[in-house]
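Novice: Given next are the chains, with one letter for each unit.
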Amino acid sequence: MSPKTLYDKIWDAHVVQEDEDGTCLLYIDRHLVHEVTSPQAFEGLRMAGRGVRAPDKTIAVPDHNVPTTEGREDPAQMTEDSRIQVAALDKNAKEFGIHYYPVDDVRQGIVHIVGPEQGWTLPGMTVVCGDSHTATHGAFGALAHGIGTSEVEHVLATQTLIQKKSKNMKVEITGKLRPGVTAKDITLSVIGKTGTAGGTGYVIEYCGEAIRDLSMEGRMTVCNMAIEGGARAGLIAPDEKTFEYIKGRPHAPKGAQWEQAMEWWKTLYSDDDAHWDKVVTIKGEDIAPVVTWGTSPEDVLPITDVVPDPESFSGGKVDAARRALDYMGLTPGQKLTDIKVDAVFIGSCTNGRIEDLRAVADVVKGKHVAEGVRAMIVPGSGLVRAQAEEEGLAEIFQEAGFEWRLAGCSMCLAMNPDQLAPEERCASTSNRNFEGRQGYKGRTHLMSPAMAAAAAVTGHLTDVRELA
Amino acid sequence: MEKFEKLSGIAAPLPLVNIDTDMIIPKQFLKTIKRSGLGVNLFDEMRYDREGNENPDFVLNKPAYREAQILVAGDNFGCGSSREHAPWALADFGIKAVISTSFADIFFNNCFKNGILPIVMPQEVVDVLMKDAEKGANARMEIDLEAQTVTTSDGETFSFEVDPFKKHCLLNGLDDIGLTMEKVGAIDTFEAKASAARPWV
Ligand code: SF4
Numbered sequence: 363m364s365p366k367t368l369y370d371k372i373w374d375a376h377v378v379q380e381d382e383d384g385t386c387l388l389y390i391d392r393h394l395v396h397e398v399t400s401p402q403a404f405e406g407l408r409m410a411g412r413g414v415r416a417p418d419k420t421i422a423v424p425d426h427n428v429p430t431t432e433g434r435e436d437p438a439q440m441t442e443d444s445r446i447q448v449a450a451l452d453k454n455a456k457e458f459g460i461h462y463y464p465v466d467d468v469r470q471g472i473v474h475i476v477g478p479e480q481g482w483t484l485p486g487m488t489v490v491c492g493d494s495h496t497a498t499h500g501a502f503g504a505l506a507h508g509i510g511t512s513e514v515e516h517v518l519a520t521q522t523l524i525q526k527k528s529k530n531m532k533v534e535i536t537g538k539l540r541p542g543v544t545a546k547d548i549t550l551s552v553i554g555k556t557g558t559a560g561g562t563g564y565v566i567e568y569c570g571e572a573i574r575d576l577s578m579e580g581r582m583t584v585c586n587m588a589i590e591g592g593a594r595a596g597l598i599a600p601d602e603k604t605f606e607y608i609k610g611r612p613h614a615p616k617g618a619q620w621e622q623a624m625e626w627w628k629t630l631y632s633d634d635d636a637h638w639d640k641v642v643t644i645k646g647e648d649i650a651p652v653v654t655w656g657t658s659p660e661d662v663l664p665i666t667d668v669v670p671d672p673e674s675f676s677g678g679k680v681d682a683a684r685r686a687l688d689y690m691g692l693t694p695g696q697k698l699t700d701i702k703v704d705a706v707f708i709g710s711c712t713n714g715r716i717e718d719l720r721a722v723a724d725v726v727k728g729k730h731v732a733e734g735v736r737a738m739i740v741p742g743s744g745l746v747r748a749q750a751e752e753e754g755l756a757e758i759f760q761e762a763g764f765e766w767r768l769a770g771c772s773m774c775l776a777m778n779p780d781q782l783a784p785e786e787r788c789a790s791t792s793n794r795n796f797e798g799r800q801g802y803k804g805r806t807h808l809m810s811p812a813m814a815a816a817a818a819v820t821g822h823l824t825d826v827r828e829l830a
Numbered sequence: 002m003e004k005f006e007k008l009s010g011i012a013a014p015l016p017l018v019n020i021d022t023d024m025i026i027p028k029q030f031l032k033t034i035k036r037s038g039l040g041v042n043l044f045d046e047m048r049y050d051r052e053g054n055e056n057p058d059f060v061l062n063k064p065a066y067r068e069a070q071i072l073v074a075g076d077n078f079g080c081g082s083s084r085e086h087a088p089w090a091l092a093d094f095g096i097k098a099v100i101s102t103s104f105a106d107i108f109f110n111n112c113f114k115n116g117i118l119p120i121v122m123p124q125e126v127v128d129v130l131m132k133d134a135e136k137g138a139n140a141r142m143e144i145d146l147e148a149q150t151v152t153t154s155d156g157e158t159f160s161f162e163v164d165p166f167k168k169h170c171l172l173n174g175l176d177d178i179g180l181t182m183e184k185v186g187a188i189d190t191f192e193a194k195a196s197a198a199r200p201w202v
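Residue numbers (this note's numbering), protein chains in the order written: chain G, 363 to 830; chain Y, 2 to 202.
Chain Y extracted, bound-state conformation (with noise of 0.2 Å):
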């Protein structure tokens, strides 16, 4: 997985509260048998009209923001299904954190794995970094996972949180199976206990 440190980037503004998977990636979209190539399939009901062709109202086919990596969104974020495909889609298109003030907890852990960060902010400040991301592509929003803080164009800073867990395999962009499978061991002693305590399982 890629290294998630620092960034620096557009950051898009999509208000919609409830923005939900079904919408960030739809289902014809995931008859796909690899995790590639979904980008251009990233809110395509919204993004194309039935032929295919781009609707020029949709925030990222706006000149402005066909290179943003920052999504600042309305609450409840990447409800519904439990998709991959969702933040797949998200990071090939080249998005590299959503910002909100809550996310559906599926979504959330996807992300993770997917070296995007998602940030959850309370309502006043995703008000401001809204109207920060409005202004398009001469502001760039500038996000330091290590300080736990995003700086808005005009150099307004607020922090935020972050499991620590997950903030150190994002950083250090490590691979959980890889992590757990040292912890082989555990497991082994844990399966031969449980199983005794519980043969039917």
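Extracted from the complex, chain G is given alone in its bound form (with noise of 0.2 Å):
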């Protein structure tokens, strides 16, 4: 047998049907639906009088509309259009009987937090969401990647898709990291050293010692970011610490079906001798805390680091540099630690997750926010806010003077009332720093939680390992 990477070995046990031009019909084992990108799907369905194909293996929840302050079961808390779609997702969530997590339901929260805290995602599975984040998934050894809203439609209708098989990458992080350096931090330099544009066409796998040390959290961080580096999807072989994390969730298997999973899923890996197209090795004591400068997720650099001249890039890249700067406010030679905020957002499905709750309480205790900044920590799931309580964390983070809010993708996108105001600038721990992402004209730094920590109680972009 010819040797594989993982993303062959998953890829060929999905594979129902392949044309001669390598066109495959793709089996999909799980199906995540938001209610964004779901509405009109579901009215494609109808129209054609059709039915979704496996209700138990397609899952909902709400999480891009809703508001995440207290009493949001106040439909007055929504706009018209925003209560709309949340009501047709809890509409055709019944009508098609798959499961569903609506708005006061403690499990709810953002999907891609939502998938493998319940056990839905799975080693060796295929997923997809209306959502490029599916990525996340990877972290878990599961092809997951986004689809658009026809590819949702025909997911429901036939439990398949239609795709061709993408190149196989390695992004190798060998070593240790020092301290202070996250996942995130991982993930952006990642981006900053490939491009946006680096994995189009592939799908990447995350490999090396930096990635095995890294807890489950850390690698959802790191392939939750896969796909602003233009890959299809990110990948992490699955190990002793994704089957501890997965035991016991309530839709892993149990018994002697448990059993029977760990065999195959202990075959999932890269055989040695398996041929990548594209590899890039990074050495892990070389990556330093990061931030965003610009409104592009490669536009990464170190903390300590100065904001460039558009003029030391080339091709295309000197315009968009210089828009950047200019929509982000910025003048080139600027130290990034100079840079003032006025908000602070921590959450997202890139860092929603307790641990990066933790990291922020680490940083935090005892300090307060500082005079003028509005800082906000948003859990990604009603479970991860639950937990965060229970550990005291909460309290921390209250007495520090940030608001504690409800779980959905609040800041990230903005769709929903939290929003930057024109000029307003963020530290944020979400994954995308594009022109009017948190809100018309707002200027959004990406980084880690610990972080954005920092620049909450200091006021300006930090370097954490400098804070005392």
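It is worth saying that the hints were derived from the structure and are not from the lab.
Here are the simulated DSSO-like cross-link-like pairs (lysine-lysine), alpha carbons at most 27 Å apart as the crow flies:
1. Y/Lys168 / Y/Lys184
2. Y/Lys194 / G/Lys527
3. G/Lys702 / G/Lys729
4. G/Lys628 / G/Lys603
5. G/Lys555 / G/Lys640
6. Y/Lys194 / G/Lys526
7. G/Lys453 / Y/Lys32
8. G/Lys456 / Y/Lys32
9. Y/Lys194 / G/Lys366
10. G/Lys628 / Y/Lys194
11. G/Lys529 / Y/Lys167
12. Y/Lys35 / G/Lys456
13. G/Lys803 / Y/Lys63
14. Y/Lys168 / G/Lys529
15. Y/Lys168 / G/Lys527
16. G/Lys526 / Y/Lys167
17. G/Lys526 / Y/Lys168
18. Y/Lys4 / G/Lys526
19. G/Lys453 / Y/Lys35
20. G/Lys616 / Y/Lys194
21. G/Lys640 / G/Lys366
22. G/Lys526 / Y/Lys184
23. Y/Lys184 / G/Lys527
24. G/Lys526 / Y/Lys7
25. Y/Lys32 / G/Lys803
26. G/Lys609 / Y/Lys194
27. Y/Lys167 / G/Lys527
Hints in hand, dock the two standalone chains.
Specialist: Structural data, given as structure tokens:
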């Protein structure tokens, strides 16, 4: 048998049919659904008189639109349009008989946090969702990627997708990370190195000692941003940590089925002599705590650096950088640590898990949010929130002057009431710093939870390692 | 879906790199539960000011390009979110083809589902086409999907690659759900086999 990558193995196990030109019909094991990209798909089914082929493999949760303030059951908190979208998901979930976590369920949260938390996401699966950050689930060694609404409809109707295989790319992070460096710094640094189109056409497998050393939460952070690097999906081979995380979750296999699953899961790794179409290697010790300075996730620099000069780039990037600095209100040569922030957002499917909140608590304990800074912490799910309260983290946050919110996407994309005002500057743990992403003319700097926490207490971008 | 065969239309130049789907259609317009009507908000934040007045400098607001059917854009077009609202907005505006050196994966796939042809060309060719697009309304670019060619207003012709299956669907206006439904037997067989091998799924 010829050697295979992890991606090859999962792919091969899911091909229903292959055409001569390599176009495949791929079987989908889990289909996650949220309120923004699904209404037109369900409407399409209805119009064609089709049903959902595998309702027990389809899981829905509203997250993008929902307000994250107390009392959000009150419809007055949502705009008319948002209410209609959430109500449409309620109705579609009921009518088509799919699994559903409504807004008032403690298990509700961001779809990419809920899936793993409930044990829906398992190694070796194919997972799709009408959302680009579906890549998150790759942390379990599942082939997971985002799809458009037409494809959502296609999966609902047929439980398959029409796909062509991507190429294999290996991103290896060797050795150990230095203190203060986190999973977020790894994933941002990789994009900084390869660019936002560097992964286009590939599925990335992250490997190496620094990746092995990460917790499952950290691995999800890394895979989450595979899409920002242009890749179709990110993958990490499952290991003991993965199995430990999954065991006992509500929808994880139990008893004899667990044993049977483990037998297969343990074969899910890339063979030693497997073929890679592209390899990127980064030394763990070379990665610093980083922030973004521009309006593309590839605009990454170590926090110790200065705002770059657009002329230092080449090609179309010169104009793009000029435009970005103008938008961000920054001058070349300015020290990154001199950039003042108005807001701090901690949350999102990149960094809304318990470990992220613990990292924030470590930094802010006994300190206070700087004067004039609005800082909010939005847990990724109701269960993360409950756990943070149990561990006493919520108290630390509130004493430090953070707003402590209910679960949802919140200011990651500002489709709900949480938004930046024009020209407001935000230190954010989310994944996109595009123009207008967090609110019209809002300015976003991406970073790790610890770095965002440090910015909250000092009022400017800060090297968390220097914070006493 | 509408068929795509040949197109002769005005091409608008958009020389920015990394045009993301938030720029193509900002999130406040994702709250619709319909597919239509998004064209007025295409490139909203570049096209209008806060009060909703047109920005006269934006290419699609210029008289020469208001009827544009083709976009020529910088590298990595359509990156970011998976929102199909981006191709819906392009299609609703009247855009039928986008030419760039590269496209983000999900956006690229979404285009084909909505009758839009994304064309990948090398940088030198995009540069020539960008120049041609800058000529405005008098210059019509021609795209022939069957022959896989783009022809400038000066008659210079360039070939492009396209996936044969996607080409077939676009040429014939085929809906892939219908096509897949015809393979239901194969899906049933696979499902039975897979659930015996991996009963926990
Ligand atoms: S948290 Fe942000 S990136 Fe994640 S699903 Fe929600 S909107 Fe998308």
